[in-house]
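Undergrad: With chain A fixed as given, assemble chain B onto it according to the hints.
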Amino acid sequence: MDALTAHLSELGHGLVTTVELTVVTTVGAMLLGIVVATLRIAPVPLLRAIGTAYVEVFQNLPLLALLVLFVFALPTIGITFPLFTSAAIVIAVYEGAYLAEAIRAGINTVGVGQAEAARAIGLTFGQSLRHVILPQGLRAVIQPIGNICIALLMNTSLAAAVGVVELTQAANTVNLIEAQPIAVFTGAGLAYMLLALIIGQVTGLLERRLAIVR
Amino acid sequence: MSILKMSFTGRRSLALTATAVAVALAATGCGGDSGSSAPTLPGNTGLGGDGVIAQSVYDAAPVATDADIPAGSAMDAIRKRGYLNIGGSLDAPLLAQQNPVSGTIEGFDADMAKLLAKYIIGKPEVKTTTIGTQTREAMLQAKSVDAVFQTYTITPQRATQVAFAGPYLTSGLAVGVRKDETSIKSVKDLAGKTVIVGANTPAVTALPSAAPGSKQIAFGTDPQALQALLQKRGDAYVQDFTLLASGAKANPGMKVVGEPFTTEAYGIGLNREDTQFKEFVNNWLKKIQADGTWAKVWEGTLGSVVEGGAPTPPALGSADGS
Chain A
1 MDALTAHLSE
11 LGHGLVTTVE
21 LTVVTTVGAM
31 LLGIVVATLR
41 IAPVPLLRAI
51 GTAYVEVFQN
61 LPLLALLVLF
71 VFALPTIGIT
81 FPLFTSAAIV
91 IAVYEGAYLA
101 EAIRAGINTV
111 GVGQAEAARA
121 IGLTFGQSLR
131 HVILPQGLRA
141 VIQPIGNICI
151 ALLMNTSLAA
161 AVGVVELTQA
171 ANTVNLIEAQ
181 PIAVFTGAGL
191 AYMLLALIIG
201 QVTGLLERRL
211 AIVR
Chain B
1001 MSILKMSFTG
1011 RRSLALTATA
1021 VAVALAATGC
1031 GGDSGSSAPT
1041 LPGNTGLGGD
1051 GVIAQSVYDA
1061 APVATDADIP
1071 AGSAMDAIRK
1081 RGYLNIGGSL
1091 DAPLLAQQNP
1101 VSGTIEGFDA
1111 DMAKLLAKYI
1121 IGKPEVKTTT
1131 IGTQTREAML
1141 QAKSVDAVFQ
1151 TYTITPQRAT
1161 QVAFAGPYLT
1171 SGLAVGVRKD
1181 ETSIKSVKDL
1191 AGKTVIVGAN
1201 TPAVTALPSA
1211 APGSKQIAFG
1221 TDPQALQALL
1231 QKRGDAYVQD
1241 FTLLASGAKA
1251 NPGMKVVGEP
1261 FTTEAYGIGL
1271 NREDTQFKEF
1281 VNNWLKKIQA
1291 DGTWAKVWEG
1301 TLGSVVEGGA
1311 PTPPALGSAD
1321 GS
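Protein chains in written order, with the working numbering: chain A, 1 to 214; chain B, 1001 to 1322.
No wet-lab data here; the hints were simulated from the structure.
Being a predicted model, the structure only gives us computed values, none of them experimental.
One thing to keep in mind: the hints can contain errors.
[What the hints assert, rightly or not] Sample of chain A residues lacking proximity to chain B, with all beta carbon distances greater than 10 Å (derived):
| # | residue |
| --- | --- |
| 1 | Leu8 |
| 2 | Val24 |
| 3 | Leu63 |
| 4 | Ile89 |
| 5 | Gly122 |
| 6 | Arg139 |
| 7 | Gln143 |
| 8 | Ala151 |
| 9 | Ala160 |
| 10 | Ile177 |
| 11 | Tyr192 |
| 12 | Ile199 |
| 13 | Arg209 |
| 14 | Ala211 |
[Claimed, not checked] In silico contact screen, one side only, chain A against chain B (beta carbon under 7 Å); selected entries:
| # | residue |
| --- | --- |
| 15 | Phe84 |
| 16 | Ala161 |
| 17 | Ile182 |
Yeah, the Cβ is synthetic: ideal placement off N, Cα and C, and Gly gets one too.
Isolated chain B, as found in the complex:
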C-alpha cells in the first residue's frame, strides 16, 4: 500500500494514453470547425470561378529577348535554373492563396510572379517559399529568394535594406466592422475604440496617427483577425481595402465602411545590390502595363470583389523608396 508504487501499472497507463489521444484528436477536430473557421475562409468564393486568371493571359504574356538577359546576370541564373524562386504567402485571398484542390497558388501577387517567370524563362514556373513578414529583408539580403511578391509596402526605411521594383499595385487601409455596427462610419470614429489589426501590417503604424486614442490588438493572420472581429474582441478591423473586401464577400457578418484612408504602394522586393535586376523588372512592369496584361490580372483577381473596372496601374517609381 505504498503511495509511491501505486502509480505504475503498465496496462492502465497505456489505456489512458489511448484515451488522451482520442480526447486530443477530438479537441483538434473541433478547432478545425470552429476555431480557424475553415468554411468561412475569405476568398473561397473566388476559387473555381472568379479569382483565377484565364490561360490565354499567360499565353499572350511577353517573353524577354536574349538581348534583355545578359550572361551572368540574375535573370540568366534564373533562366538556367528553370524556375523563379519567390517569397510569398499561401493564405492571402485574391493576392496569393493556394487552391486546396489544384494546389496552384492564385491571386494578384501569385499571378504577377508567374508572369515574371514567363518573361524570364518562357514558362510560368514559380517556386514559392512562404516567408513571414519579419524575415523578408533578411531573405532578400541572403539571396534565399529572387524576389518577394507579398503586398510588400514600399517605405523609405525598407528601401535602405532592399530594392523595390514598381510600385505594381496601390491600395489603402480601410475599416471593417460587424454588420450590426452603426456608430463607426469611417476611420474618424475609431477614437477610443478597440481596433483589430494584422500583426506586421501597415495598420500597426498608421492607426495611431489616423485614429488617435484607439487601442490596438494584433493577430498573426487575416483569418484570425476576421474571426476576432466577428467574436467581438474589437470594434473594428483595419486592414488593406482589398483584403477587407474579400473578407466581407465571404463573411456576411461583416462590412467595409468608408473609403481607404491611406495609400499603400506595393513593390516587388529585390536584392538591394542588384540594380540590373531591378531595372529589368521595372521594364517588364512597363511592358505588361502597356499591353493590358496587368489590367487582365487585376480584373481576374482583386477586380472580382471590387466594383468598377481595373484602375490605372501605378506609375513606376512614384512611391518614396521605389
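Just chain A, with the same shape it has in the complex:
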C-alpha cells in the first residue's frame, strides 16, 4: 500500500489525464458516430459507401497500430500533432466506428412507418433524421453506447505506448521506482473499475429516464 500512497500526486495526475482523454474522445466519437451512422443510411449511394468504408477500416485495424502509425508515420510526411491531441484524435476516430454501428442498430429499431410519416408531412432527409429518427434511435441504444464508452475508457490506456502520461503510464513510472507491480497495478485497476462503474451508473440513469418502452 505504501507504494501507492507515496505517489498519490503522480497517480492523480495520470487519473485526471485518463478522465480528460475519455471525456474528449467520447464526445468526439459520439459526434463522429452520429455522422457515420447517418452516412450509412443516407439515400445517396456514395455517402453510404463512405460510411461503410469508414466502419470497416477502423473496426478492422488494431487501435495500437493506428496510434503508432499516427504518432510515428505522419511526422515523416511533415504532419506532427502534440501527443495528447494525437491520442485523442485516433481513439475518437476508432471508437467512432463502433458507436456508429450501435447508433445504426438504434436507427433500425425505429419503425419504417415513422420515416414514411416524416416524409409524408414534408420533412427533408435532414429534418426527419433530426426530429424523428435520431431522437428515437439513440434512446433505444443507450446501454450499448454505455458499454462502448467503458471499452473506450479501457482503450485510453493504450495511449501510454505513445508517450501520453495517463493512468497506466503513471502506474508504470511509479512501479519503476517502487518495484511492486502487484500493488501498483491493482491500485490502477481499481481506479479504472471505479471510472467504469461511474459510466455504468450514468448509463443506467439515462436508460431509466429516456428509454422508450415498446
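TA: Quick look at chain B alone, frame taken from chain A:
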C-alpha cells in the same frame, strides 16, 4: 424509398469490405516502412559481422562440477529440465536482439544467459520469455522464469522484492541529440528542454535531479524513442550510453554528447528466497570474469560500438542492493 432499408445490399457491402481490407493493408504496409523505421533499426549493423560471439567462446566457457549442483536445488531442476528459462528482451540492440535470419538472440545479456546455461547444463540452451519491465518482479516471485537478464538496474527498492546476482555490467545514462543540435553539450544543458526517455528506464527517475526543469516524454521502446528524437518531438534523448551509442551508429541523424552522468549497475534478477542460487550465480560470474570470458563477450557485443578495450568488470556486490 425508405431511408431505413437502403443500407443493406449484400453484394455491395462485400465489395466494400474488400476495399477496406486493401486500404488497411496499404496503411499497415506504409507503417512498416516509415513508422517503425525497420531499415534504420539500431544494431542491425552488428548482425552478421560484429555483435556476434565466436563459437569458441562458448566452447571454452566453464561448466559447473556436480559438487556445485546439489540435488534438489534450483540448478539441479534446470539441469534436469535441459534448458535455462530466462526473462529478457528481443529488441535491445547489442544487449538482446533477435537475429531475423537465424532466429538466435544476440547481445551481451543474451550471451551471458547462454553462458550461464552452459555452466549449469553443459550446453548453452536458453528459452527466452519476453517480459515487460513492469512484470519482472512478479515473474521472479512466481518462479515463472529462473532469472532475468534485461539490463535490470540494481536498486535498494527492487532488492526488497528480488535478489540480484552481480552486478555483471555497469553503464550510465547519457544524452543523445540530433546531429545538427549545437546548444546541448551535456546533461546540464537540458534545463527547460523537452527530453525523450524510454518508459520504465532509469532516465525517468534520474532526469528530474540531473536536469531540473526539463520536460519528459516517455516512449515504450528504444526504436520509438529514437524515431521521436529524429522527428523533433523532443530536443534530446536520455538513455543508457550503450544503447545510445548503438543507435547513433545506425542512425547518421543523431549523435551522443558528453559523458554518462549516472552509474547504473545491472544485476541478474533472481528469486529472492533462493539464496543458494544467487551464490551459485555469483560464483559463476567470478569464474567468467577471471578467465577472460566476460571480456570476450563484452568485446563481441557492446565493444563493437564503444571505443577502447573491454572495461574492468564490476566488482560483485558493489551495488547497493546486490
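Undergrad: Confirm or reject each hint.
TA: Right, here's what the structure says about each hint:
1. Leu8: 17 Å, holds
2. Val24: 19 Å, holds
3. Leu63: It holds; Leu63 (chain A) is separated from chain B by about 13 Å at its closest Cβ, greater than 10 Å.
4. Ile89: Holds, because the least Cβ-Cβ distance between Ile89 (chain A) and chain B comes to about 15 Å, which exceeds 10 Å.
5. Gly122: Given that every Cβ of chain B is farther than 10 Å from that of Gly122 (chain A), nearest at about 15 Å, it holds.
6. Arg139: Nearest chain B Cβ is 16 Å from Arg139 (chain A), so the label holds.
7. Gln143: Check passes; 21 Å lies beyond 10 Å.
8. Ala151: Non-interface label on Ala151 (chain A) holds, nearest chain B Cβ at 20 Å vs cutoff 10 Å.
9. Ala160: At roughly 7 Å from the nearest Cβ of chain B, Ala160 (chain A) sits no farther out than 10 Å, so the non-interface label is violated.
10. Ile177: 6 Å, violated
11. Tyr192: About 15 Å separates Tyr192 (chain A) from the closest Cβ of chain B, which puts it past 10 Å; holds.
12. Ile199: 26 Å, holds
13. Arg209: Non-interface label stands for Arg209 (chain A): nearest chain B Cβ at 26 Å, farther than 10 Å.
14. Ala211: 20 Å, holds
15. Phe84: Cβ of Phe84 (chain A) sits 11 Å from chain B, so the hint is violated.
16. Ala161: 5 Å, holds
17. Ile182: 6 Å, holds
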